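Participant: If you want the building blocks of each chain, they are given just below.
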Amino acid sequence: MARIIAVVSGKGGVGKTTVTANLGIILGGMGYKVTLIDADVGLNNLDIALGLEDRVVYDVFDVISGRALPEEALIGSQDFPGVGLLPSVKGSEGIKAAAFQAITAIYAKTADYVLIDAPAGVEQGFHRAVSAAKEVVIVTTPHLSAVKDADRTLEALGVYDVDVCGLVVNRVIPERVQKGEAVSGDAIAGLMRLKLLGELPESDEIGINSLSAPRSESRKAYIRLAEAIDSDKEGYRVSERKRFFLFGRK
Amino acid sequence: MKQSDPERRMAEALNRSDRLPEGFGKSLLNDVDRVLGGWFEYGAGDLNLKITPSGRNYYIEITLDAARLKTLKLL
Numbered sequence: 001m002a003r004i005i006a007v008v009s010g011k012g013g014v015g016k017t018t019v020t021a022n023l024g025i026i027l028g029g030m031g032y033k034v035t036l037i038d039a040d041v042g043l044n045n046l047d048i049a050l051g052l053e054d055r056v057v058y059d060v061f062d063v064i065s066g067r068a069l070p071e072e073a074l075i076g077s078q079d080f081p082g083v084g085l086l087p088s089v090k091g092s093e094g095i096k097a098a099a100f101q102a103i104t105a106i107y108a109k110t111a112d113y114v115l116i117d118a119p120a121g122v123e124q125g126f127h128r129a130v131s132a133a134k135e136v137v138i139v140t141t142p143h144l145s146a147v148k149d150a151d152r153t154l155e156a157l158g159v160y161d162v163d164v165c166g167l168v169v170n171r172v173i174p175e176r177v178q179k180g181e182a183v184s185g186d187a188i189a190g191l192m193r194l195k196l197l198g199e200l201p202e203s204d205e206i207g208i209n210s211l212s213a214p215r216s217e218s219r220k221a222y223i224r225l226a227e228a229i230d231s232d233k234e235g236y237r238v239s240e241r242k243r244f245f246l247f248g249r250k
Numbered sequence: 001m002k003q004s005d006p007e008r009r010m011a012e013a014l015n016r017s018d019r020l021p022e023g024f025g026k027s028l029l030n031d032v033d034r035v036l037g038g039w040f041e042y043g044a045g046d047l048n049l050k051i052t053p054s055g056r057n058y059y060i061e062i063t064l065d066a067a068r069l070k071t072l073k074l075l
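Sequence order for the protein chains is D and G. According to this note's numbering, the first sequence is numbered sequentially starting from 1. According to this note's numbering, the second sequence is numbered sequentially starting from 1.
I should point out that these hints are in silico values taken from the structure, not numbers from a laboratory. Misleading hints may appear alongside valid ones.
Okay, derived cross-link-like pairs now, DSS-like style, lysine-lysine, Cα gap no bigger than 30 Å in a straight line [unchecked claim]:
#1 G:K50 <-> D:K233
#2 G:K70 <-> D:K11
#3 D:K109 <-> D:K90
#4 D:K134 <-> G:K73
On a predicted model such as this, the values are computed, not experimentally measured, just so you know.
Construct the complete structure from the given sequences, taking the supplied hints into account.
Facilitator: And the structure:
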C-alpha cells in the first residue's frame, strides 16, 4: 500500500506543482513506483510541469466515470522512470470528494507513493485532495502572505485524518536571510510548529529543468527533500550552498 | 535568540492565541451527550456529523461531501 501524500500550500504560486512534479521524479529515480494525481482540476498544470501536456488522452474524470481503466489513464515517460501521471482537465470541478478518494485508493494499491497536487486555498478542491490523502506536505515561500496562508491551511488540516509530514520552504534566498531581510525556513517551521522538510533555493530555472544539471543546488535540494520524506533524514538548507569566488573579482 | 524584524512581524501574524483551547471538542460533546443522552447525528448541506457512544467512549465521524474527514475516538 502506497504512502498517499497531498501537497498543499494555501496561497497559489508558491511552487506547489513544481515541488510535486520534482519530488515524484526524484522518488521514481530512487526506484519507487510513483503515481502523481493532479487534483487542481480548475487550474491543472501538473502535465505541463512534467512536459507531458501533449500526451494527455484520459484524465481523472474519465477514470471516475469508467471511460478509462486506472492504468490506462496513467501517462508514463522514459525520462521519468517509475512515474505515472493522472492528469485532470478543466471542467472536472464537479468531481465528488468520495469518488476522488475511491480512485486514489485504487492507485495506492499498485504504487509506493501517490502524490496529490492539491489546488491553492481551502475550498472544495482542497477537501477533495486532502480527504483522499493520509499525509500532507505544506509548501510555502518565505513571504509573509504565503506563510500566513500556509498557517491557515495547517489549521484547516486539523479536521482531517492526516499526518502533516512537514513544511517545504521554496524560493529561499540565503543572502536575504543572512542580512535579516527574510525569514529562514527553520524560523518559519518553528513558528508553525512543524518539521522543516527542507528549503529550496530561489532558482531562475523553472520546473523540471532545475533537476537536469546533475550538480545543481536545486537537484541536491530535491534529493534531500525526497530523503527527508522517505527516510526522515535532515532536510536541505540553502545556507549549505558552497560559494565560489572568481579570482580577481572585486 | 534575538528575532529579526521580518521574523517578529511573521510571529505576530501567526499569533495563535485566538485558537480554540485544548479540550474544546470534548466539552462540547459532553454538552451534546447531556442534552441528547445518547447518539447524535447532524447534517447541514454536505457536512455530516455523527457521534456514537460506545461504553464510556465516543466515536465521532465527520464527513463532508460524502467523503470522510475524520473519525475520532474520545475517551
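Participant: Does each hint fit the structure? Answer for all of them.
Facilitator: So, going through the hints one by one against the coordinates:
A hinted pair counts as satisfied when its Cα atoms are at most 30 Å apart, and G:K50 with D:K233 does not qualify at roughly 40 Å. Between G:K70 and D:K11 the CA atoms are separated by roughly 24 Å; this keeps the pair inside 30 Å, and the hint holds. With a C-alpha separation of about 27 Å, the suggested pair D:K109 and D:K90 falls inside the 30 Å cut-off, and the hint holds. A threshold of 30 Å between alpha carbons decides the hint, and for D:K134 with G:K73 the separation of about 18 Å falls inside it, so the pair holds.
The structure does not agree with numbered hint 1 stated previously, though it agrees with all others.
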